[in-house]
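Chemist: Here are the chains, one letter per residue:
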Amino acid sequence: MCLSIPSKVVKISEDETMCTVDTMGVKRDANLMMMEDGDVSLGDYVLLHIGFVMNKIDEEEALSSIDTYKEILNHMDEEERQRAILEDDECAARGATYTEEIKSNEGT
Amino acid sequence: MKELELKNLYDDFRDAKTIKAYAKIIAEDAKKLKRPINIMEVCGGHTHTIMKFGLPQLLPSNINFIHGPGCPVCIMPKERIDHAYVLSMQENVILVTLGDMIKIPGSNGSLQDARAKGADVRFVYSPMECIKIAHENPDKKVIFFAIGFETTTPMTAVLVKEVISKKIKNILFHINHVTVPEVMVELIDSRDVHVDSYNNEIDAFLGPSHVSVISGSKIYEKFPKDYERPVVVTGFEPVDAMQGISMIIKQFLEKRCELEIQYKRVVSYDGNLKAQDLINTYFEKMSLFRWRGIGNVPDSGLKLRDEYAQYDAEKVYSSVLPISQIEDHKLCICGDILRGMAKPKECTIFGTACKPTSPVGSCMVSSEGACAAYYKYGNLTFSTTT
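So the protein lines, in turn, are chains U and X. Mapping of the first sequence onto the numbering used here: position 102 corresponds to residue 102, and the numbering continues sequentially without gaps. Mapping of the second sequence onto the numbering used here: position 377 corresponds to residue 377, and the numbering continues sequentially without gaps.
Calculated directly from the structure, the hints in this document are not laboratory data. It should be emphasised that the depicted structure is a prediction, and the values quoted were computed from it without experimental measurement.
Pair by pair, the computed Cβ-Cβ distance ranges are:
#1 Ser64/U x Asp277/X: 28 to 34 Å
#2 Asp15/U x Lys140/X: 27 to 33 Å
#3 Lys11/U x Gly118/X: 37 to 43 Å
#4 Lys132/X x Thr20/U: 14 to 20 Å
#5 Glu346/X x Met24/U: 38 to 44 Å
#6 Leu63/U x Arg256/X: 28 to 34 Å
#7 Lys11/U x Lys166/X: 20 to 26 Å
#8 Ala309/X x Met24/U: 40 to 46 Å
#9 Lys274/X x Lys27/U: 20 to 26 Å
#10 Ile349/X x Gly38/U: 51 to 57 Å
#11 Lys274/X x Leu63/U: 24 to 30 Å
#12 Asn64/X x Lys27/U: 42 to 48 Å
Some, not all, of what chain X presents toward chain U, calculated at C-beta under 8 Å:
#13 Thr152
#14 Pro154
#15 Val158
#16 Val213
DMTMM-like mimics (lysine to aspartate or glutamate), calculated; alpha carbons at most 20 Å apart, straight line:
#17 Lys56/U x Asp270/X
#18 Lys132/X x Asp29/U
#19 Lys166/X x Glu14/U
#20 Lys274/X x Asp44/U
#21 Lys274/X x Asp58/U
#22 Lys56/U x Asp277/X
#23 Lys17/X x Glu61/U
Here a beta-carbon is modelled for each residue, glycine too, at the ideal position from N, C-alpha and C.
Chain X on its own, in the form it takes in the complex (with noise of 0.2 Å):
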């Protein structure tokens, strides 16, 4: 059954035939390989389109993939999910934030659970929703509990231009924007460290295209130059992952080492420079961030400029909010799988204790995370006959 469903959503893709003609290139490309290789996905997304549209099991068993840490709920350590239901249920606040968030655990339950118990917690499409929320409560103040990586930084910065610009008085910002270039360097250098502990090196990586579209791939450029592994930017179809994949594959084999674009309907180099001003008018970078599973990555999150501290909640709420780090259930790998150390099935209460409907961790809340893209996608193998 499961089979079927995946093989007619294959089937249903216009470009079923452009996917099997890059399989086809990529497993003739592969035979030429001296040895695996092991290409990172940076982003939630490409995970899911990789499982969704099965590509591990039409590549060839030299090319692994290995998932990155690319999900911005994943990543959020306990201590800000705290933070973010400490805020909730102050006396006149409405926190409002984007996508899963509001479901993962904290230390004291999830912001589902202090809307359960009273608080007034919302989710928004688009961060400019606060505007509307903030002028219908104009007794109370309106958090926006900020998250993303490039992609959605300088739509928050906006949200502060718009804030500042039109003298709104209560909306305040808690930011959890974070960059990803610093937490590739971050996963390859701690391999160096310990290489002898780690046989999931990492070889290449595909680069997230939404990222670029406002960051440019020119913050990819150290990694070849500096770290010789090959990026390539590429697209969420699986037409533009299995391009993307190819593209690595040629590098190797034509012994070049570079950054590539596969995506370029969208992205160039320089990226979107009027968001990028946006960013650097209202956010600076802070000296560390921690990630979960990770840990701290230096220069690898946003804060709002000091100019800008009445709005910033961490500050203005700061002799509420807790100060200590928390550590992960110590049965969830999530930290491994999001230094891409291991894979979801290799977590012993995946799918047992842990579940989409009972998540113990992060990469099982977030629809963007790994471990729901095993467990939806997981099971599903090609049949022979497609």
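Bound conformation, chain U alone (with noise of 0.2 Å):
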């Protein structure tokens, strides 16, 4: 499902290409090249989606936002959480695929 968890940047490259995203503790890298230069400033929120960042969030709206999702999170074990976060960008399709292709490939 697209929950949409906030993510907060915490880390740009140096050609501002990529940044690293802080999502509920779980850290990834995402790709900046859908924002114009300048736009994502460390500390801002953002929206993903499938690598890249959409867009920001309004910071009040957003830790809002969080306050739900750790609510919903607290009910999940370590791996469901983790699995949670990971697949939030994308849709429920692709992160369910996603998730049967690692295992598989992590079987083989």
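Join the two chains into one complex using the hints; note that each chain is given alone, in its own frame.
Modeler: Structure follows, in structure tokens:
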């Protein structure tokens, strides 16, 4: 499901094409090439989709959303929580397949 | 047992109180409606939210959901899947795509079947992974079979930009990007033409938020103005969906017909202008795209601009790609479901011959599809004690 957990930008590459974001404690890289130069700064909250920053999210709204997600994620075990966060910026279909793919690759 | 699972999920959600409050407001408002209203949620993401959280059970009977065609996998006609299959079987080709595309049966089989026959078919999380694959396989052609609506089109555009600027010679594109407003027009128009045979008139739309993060809400402006259908651009959380529905009902009660944004935390009227610019730089409208179950929809598909023809796998491999149109299995009603003319349970093979483990139609294959949502969540009911 496209829950759209807001991610916080914690690092920006020198050429500003990539950044590292923190999505509720899970860190990953995201592509910045869909955003105007200088549009995204450290500490901004952003919405991700298939590895790209799609847009910024208003900070107040982002923090309130994160509170909601914390409540949801608190009811999951660690494995579920990691997966839910990682798959969050995709639609359900892609997330499910991605996980299956990883599992099958790991198995081989 | 099933009831308990959903109840737990519902109770776990902090905003259960908000959802219930909205359900109450909607129920009160709906009593004042002069006639039942049909709300089409265009996006498969919304269909899943609606089914997963049992929203139809929370709403009064005069509010009906019609499921729309917004699943990039579901709307792919068989001949495009056949293109992917044929491309994957070419010598020295690595076919790369996103999502459940890999499982959809074409007329020769699915991409999964092609893989079983030795084809190199890969699924990626992000289109940018094609660059790494191309770099590691300099003797092969990497063909990115691009799918998706406005939401994913700019990501493909960024990949095209990188391929050109970095002079990468072994990445090609098969473009299947489609646009939402054009198919909404088609769904309205086709109903107007055959109005007698349809009982599922679309009265209003829930617009998918992620599309509008890119395109802005402006793409829906003509629906209230020219087609007298309100549109509320809505997020994917259950609370968002309930608020969007409530906003639509309020418009009917107040005799307004407007474009509104429920998901203001990320969506603006103009959207992401850089993303739109990237799309316009590399893509142009196709005169027609044939949607599965819906047919030809003018101006609803995109293709690479002619100046980038050397990267266009449809052109480079035109001699081997089939050109005939292929119809769906005659017992499958995915077409009617994608038009919002039927619900999955009206299909005679739903849950019997057609299941997620042995799907006949794309709406069951794709986990974003309406049939998959009904199969997974359709038997869930709310406990009256929740």
